[in-house]
Structures are given as structure tokens and as C-alpha cells.
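The task is simple: from the sequences and hints, build the whole structure.
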Amino acid sequence: MLSLPVETIEEILSHVNEDDIKTLRSIILINRTWCKFGIHYLWKKPFHIENSPKNLYKIISIILFFLDKPQKKILKINDQRIEIPRTTLFDYPSFIRQLDISKIFLLIEEWISKNKRFRLTLRKDCFNKNGDKFIYNFSTLKKHYYHYEMEDLEELAFFESIFKIIIKKSKGIQKLNLDINNEHSFWKTYAIPNDYFGILFNGIDDIHKCFTGLKELSCDGNFYKHSIINKIKECSHEINELYINIWRNDYVKLKELLQVQKNLKSLSYSATEDINNTTIEGLQGMVAETLESLKISYGEIRNEQLKYLAKCKKLKKLSFDDVLFEGPIDLLTSIIFPNLENLKFSNGTFILDNVVNEMKVFIKNNGKNLKKIHLCQDLSGITEILSTLSDLCYNLKKIFLVIESQSDMMLLFKIMDQCKNLKTISIVYNFRPTYISNQLMFNFIQYCSPNLQILRILNCPISQDNFTFLLKKCGAFLKVLVCCCDGNMNELKNLVYRTSELHERNLKFYSIYGNCNIYNVYEVEINWD
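Take the sequence shown: its position 389, counting from 1, is numbered 388 in numbering that gives the first Met the number 0, and each next residue is one higher.
Treat the hints with care, since some could be wrong.
As the list claims (entries may be wrong) - Cβ pair distances, simulated, as ranges:
no., residue 1, residue 2, range
1, L501, D416, 43 to 53 angstroms
2, K507, D329, 43 to 53 angstroms
3, N450, Q405, 33 to 43 angstroms
Stated by the list, open to error - Derived DSS-like pairs: lysine-lysine, alpha-carbon spacing no greater than 25 angstroms straight-line:
no., residue 1, residue 2
4, K115, K72
5, K313, K413
6, K396, K478
7, K174, K75
8, K35, K132
Calculated from the structure, these hints are not laboratory results. Cβ atoms here follow ideal geometry from the backbone N, Cα and C, with glycine treated the same way.
In C-alpha cells:
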């Protein structure tokens, strides 16, 4: 193993999960050759790792080593007691291929906290005296200092220094995550000036070289994106995945960015209704020919948007999030996506009554290849749309439905009866904790096919008798079960254990806890291998 050819080592390393830090660390300890190649994989995405190690902040120490002495002096990190290495074996920043900006801020904050006893916090006059050493002119924030604590400005200064080092040394960033206020980011977003990133992107000479091979870009947050989009447009023409939350006057540049992409496959954007049309105009030319996944958030869908949407003939996934379908949209009836497999309406998407018929025709024209349907929207036309699904969509494997009546449940039975390959069913019962009748639930369980792997029944309690019958009927083949039911907690636990033993299933995880809305009702989640 120690004398394997280099090509074999690289082949082995290519099959190691990027997040498997334990394995990668073991690999670099084998010998010099394995270390030489393994270190590239270990440092490919150092800032965003699933199940991040406890001391991940020490990555900041390693990158700070590469700052020049004047910059170290400005940041007050020359003290020998500060945990910055005195030498390094590799040019680590050159290996970085993925940047997660919010994660870098979090790690900087943690690093400063860990080393606080060895260094003085930067003073306000530091930024005025050393203005020529920073790209961002911190003195412009002077009149707004009541918004910014010195700790915030200090973290911005550290970020700029680290960002410059990475951009200068990296041999090419492939994935850039500029999500500052998403659900996974906990950094103080208020402390970042609106123009901060735009100034950095325009002030670093190596930006163009660094982002030429950019493949994935995610950009979300309440800051100006105009300069960032413009710079990315100049140097990055090979983006495969793009997610962006348009802010203020950024939409024109986004249209231009779309039109220079040669192989864009996935696009997700959010926009207010007045800029939705301008952005969707970018879905033509090269982009229309390559796009396979599209998600539109906010705004309205009318004929003027649909004529551009219709050009994307390779679409496999189409999602609408908090979108209003308002007539007339007769063009919807003529759009056909031959490869469409995943259709999603979520989070307050409204299909108004006067366009339900057009939507039914659209589903009819595109239903034969649909494998996933997510229908979480205004309920006014839900029954008619469910009827169309039950009649025309035979190849469904995954469904998520919001239902509110017995007739909707009967249509669900029809879908389950004809779609024998259904693997996932998720049901939300109109967001009201109302009991499903015993007979209705009994009929539902009868339609559960052995191919079913995941079943979620949300916001609609079932009786303990039905829960017992559900485990008896489906406990042999389900991998995940989520529901809520009444009864005794100990009896419910015993049912789970007995079912697992009866079918010789390995109980990977389970939880049973009380529902805060209804007395004596328990939320149940079970995972089997």
C-alpha cells in the first residue's frame, strides 16, 4: 500500500467523502507521498464541513501565518503566545477550492475570543492611521459608529486580510457561498456594511484569476450585490449552479450574468414582482438550452414570464416559492417540458381560481414523467389539481400534499392505488390538529404499498388503534415513520420495540414526545435501517 502508484493514490482519494475529516487526517499520516496528495483534499473546503471539528477555528491561525509582518502588526497578532504557527509544510491557502463567507466570520469571531487574553482589541484610530493597508475605508463608518461595536470592525478587518490571502494564493475557487443571513448563518449580519463585499471584490487584483473556474455561486443577504455580480460576470462563464437573492437594483446585472453562462444547469433566485420579469428575460439563449433546475421565489407569474420560461426545454425540476399565478396565463397550457420530473409549489404559492384550469392542462401535458410533486399552496383549487394528478401522473415516487377534506383524502387513495412505485408520502392536514377518522385512516393504511419507504402524517393525530394497525401493516418495509397519535407513552414505546423485533428490524432512531397543542397526543418519529 505504501508503494502504490501516484495514479492509484489519487483514485483512492477521489472516493473519500469531502466531509470525512477523520479519514483524510489518517491518510496524510501514512507517509510523505500520501500526505502530499491527501492535504489537497483536506484543505479543499476547510470552512464548511458537516459535523465540524471542535477546534475548526484553528484554521484561522494557519491562514494568518501567511500575512506579511506589517499586516500582522496592524492586527496585533505578533505576540509569541498567540497560536499562529512559526512555519508551515505547505502553502495551505493555495489548496482552498470552496469558500463559505459566513463560516469564515464565525471562525474569526471564535479565534479572536480564544486569543483575547494575548492581544489588545483594535482601537478606532487603528483604521484611520492604517487606511492605506485596507481596501475598505473604515473611516466612512465614523459617523455611524453607534451602529458598529469595535469588535465588529475588528472582525471585518480580519476577514479582509484573510480573504485577500485566499484570493491571492488559491489556484481557483470552484464554490463560493456568500449567504450572510440564511437559516444556517448565525453571524451578526447587521455589522456588515451594505457596500463591503462590492468594494472588496473590486479592490483585489486577483479576483478575476481566482473565480475564472467558478462552478457554484450562492449569494444571499441584505447588501449590495451589483458590484459582485458585475465582477463575477466578467470572469466566471462556467457556473453550473446559481442561487441569488436580488436586492434593490441588482436585477439588471443578474440578467447580464445569466446571458454569459455557457453551462448553467441550476438557477434559484428570489425577486419582488417588479423585477421578476427582467430577471426571467435572462432565461434565453445559452441558458435556456442548458438549464435543468429552476426555482423562482416571490413575485407574479403571467404570460410575459411564461414565454421565456417555455424556452427551457431541458428542465427536470421546476419550483415556485411564494409566487402568485394570476390570469391570464393561457400560455401555460402550451408549455411542455419533456424531461420534467420534479414539480414544486410551496410556501404560500397561490394558484387563483381563474387559472386552475390552465394549471390542470399544464400538469396533464407534463405529468407522465413526474416523479416528485410538492403541493403546499393556497387550497382553493387543491381538489381539482389532485384529481388531475390521480388521473395522469402514473410514475410518481414522492408526494408532499396539503389536504383539508375527506374528498382530498379519497383522491390521495386513488393516487396511491395507481402509483405503485411511491416511496415517500408526506401529508399535512390543513395545518389544523384535527383527528383523522378511524375509518379514513384504516382505508389509507390499506393503500400503503410495500414499496413505500418514508411516511409522514403531520398535524393530524390518529388513534392508538390505528397506530397499532399502521405498525402491523407497514412495520416490515417502512424506513421512516413520522406521525402523531393519542394513547399511553409507554404503550407506544412498547409497540415500536415489538414491531422492530417481530420484523427483525434494526431500530436506528426513535423519539416520542408530547404535543404541546393537544393533551395526551404524542409526536412519534421512527427510523429503521
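Hints and how they fare:
The supplied range of 43 to 53 angstroms is broken by L501 and D416, whose beta-carbon atoms lie about 27 angstroms from each other. Look at K507 against D329: about 50 angstroms separates their beta carbons, and that is inside 43 to 53 angstroms. Our hint of 33 to 43 angstroms for N450 and Q405 is violated, since their Cβ atoms are close to 25 angstroms apart. Distance restraint check for K115 and K72: the Cα-Cα separation of roughly 15 angstroms lies within the 25 angstroms cut-off, and the hinted pair is therefore satisfied.
For the given pair, K313 sits about 30 angstroms from K413 by alpha-carbon distance, which is inconsistent with the 25 angstroms threshold. Using a Cα cut-off of 25 angstroms, the hinted pair K396 and K478 holds, with the two alpha carbons roughly 15 angstroms apart. This hinted pair does not check out: K174 and K75 have alpha carbons roughly 31 angstroms apart, beyond 25 angstroms. Between K35 and K132 the alpha-carbon distance is near 34 angstroms, which puts this suggested pair outside the 25 angstroms criterion.
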